[in-house]
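Visitor: Residue-level listing of the chains:
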Amino acid sequence: GAGVSQSPSNKVTEKGKDVELRCDPISGHTALYWYRQSLGQGLEFLIYFQGNSAPDKSGLPSDRFSAERTGGSVSTLTIQRTQQEDSAVYLCASTGGGDEQYFGPGTRLTVT
Amino acid sequence: GQNIDQPTEMTATEGAIVQINCTYQTSGFNGLFWYQQHAGEAPTFLSYNVLDGLEEKGRFSSFLSRSKGYSYLLLKELQMKDSASYLCAVSDGSARQLTFGSGTQLTVLP
Chain C
1 GAGVSQSPSN KVTEKGKDVE LRCDPISGHT ALYWYRQSLG QGLEFLIYFQ
51 GNSAPDKSGL PSDRFSAERT GGSVSTLTIQ RTQQEDSAVY LCASTGGGDE
101 QYFGPGTRLT VT
Chain A
1 GQNIDQPTEM TATEGAIVQI NCTYQTSGFN GLFWYQQHAG EAPTFLSYNV
51 LDGLEEKGRF SSFLSRSKGY SYLLLKELQM KDSASYLCAV SDGSARQLTF
101 GSGTQLTVLP
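Protein chains in written order, with this note's numbering: chain C, 1 to 112; chain A, 1 to 110.
Warning: the hint list may mix true and false statements.
[Stated by the list, open to error] Derived DSBU-like pairs: lysine-lysine, alpha-carbon spacing no greater than 35 Å straight-line: (1) A/Lys81 <-> C/Lys11; (2) A/Lys57 <-> A/Lys68; (3) A/Lys81 <-> A/Lys68; (4) A/Lys57 <-> A/Lys76; (5) A/Lys57 <-> A/Lys81; (6) A/Lys68 <-> C/Lys57.
[Unchecked claim] Every beta carbon over 10 Å from chain A, so not counted as near; a handful from chain C, in silico: (7) Ser7; (8) Ile26; (9) Gln41; (10) Ser62; (11) Glu68; (12) Thr70; (13) Gly71; (14) Gln101; (15) Gly104.
[Claimed, not checked] Pulled a few chain C residues facing chain A out of the computed Cβ check, cut under 8 Å: (16) Asp24; (17) Leu43; (18) Phe45; (19) Gly51; (20) Asp56; (21) Phe65; (22) Glu100.
Hints are computed from structural coordinates only; laboratory data are not their basis. Keep in mind the model is a prediction, meaning the values are calculated, not measured. C-beta: ideal position from N, C-alpha, C; glycine also.
Full structure from sequences and hints, please.
Guide: What follows is the structure in structure tokens.
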């Protein structure tokens, strides 16, 4: 089937606005991850969902960031009151029980 | 804490062999991954090592020494399309989170 999909592919927003980023994992994959990648940098872990367990939020940089996963499938990452330092590519990945993470194409967020 | 180090940039010639090193210090260990990422694209999986030794997959091989906290990715018969960033990532033992290094930007010259 299809791979991991993310929407929107690009988002430009004004400082102070809220944004929602969406991730559709591969069907049947139980684990879902959000990462952030700033220009020229490695990936920064944000949050991890595994099945019905409580998410691991240890990577969220501030309380402006939150994420949910409805029905064990689609996930939404919400950033409230965006700041310029939030500008980055936000990547979602999923796994189906193995160790390899399959990444989506990412959402490029630009905060002006 | 978690710390992963890899060179920032490397340059090699088409047809040559290049070795990208990665050293890590992590609180837990459940395997080491190498990903390839072309500019503007998502990372794609290359290899996974959880036991010491060499894993070979076509032109790419990956080596792990857990006692030394060391891995390398070996690329043979380099092609221009191999120009990309190569990310080393370690999975900790608990939640299978991946901690990524900053990536090594490889440029293959004709």
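Visitor: If a hint holds in the structure, say so; if it doesn't, say that too.
Guide: Quick rundown of the hints versus the structure:
| no. | hint | result |
| --- | --- | --- |
| 1 | A/Lys81 <-> C/Lys11 | holds (29 Å) |
| 2 | A/Lys57 <-> A/Lys68 | holds (23 Å) |
| 3 | A/Lys81 <-> A/Lys68 | holds (31 Å) |
| 4 | A/Lys57 <-> A/Lys76 | holds (11 Å) |
| 5 | A/Lys57 <-> A/Lys81 | holds (17 Å) |
| 6 | A/Lys68 <-> C/Lys57 | holds (30 Å) |
| 7 | Ser7 | holds (14 Å) |
| 8 | Ile26 | holds (13 Å) |
| 9 | Gln41 | violated (6 Å) |
| 10 | Ser62 | holds (19 Å) |
| 11 | Glu68 | holds (18 Å) |
| 12 | Thr70 | holds (20 Å) |
| 13 | Gly71 | holds (21 Å) |
| 14 | Gln101 | violated (6 Å) |
| 15 | Gly104 | violated (6 Å) |
| 16 | Asp24 | violated (14 Å) |
| 17 | Leu43 | holds (4 Å) |
| 18 | Phe45 | holds (5 Å) |
| 19 | Gly51 | violated (12 Å) |
| 20 | Asp56 | holds (5 Å) |
| 21 | Phe65 | violated (16 Å) |
| 22 | Glu100 | holds (5 Å) |
Checked against the numbered hints given earlier, this structure breaks hints 9, 14, 15, 16, 19, 21; the rest are met.
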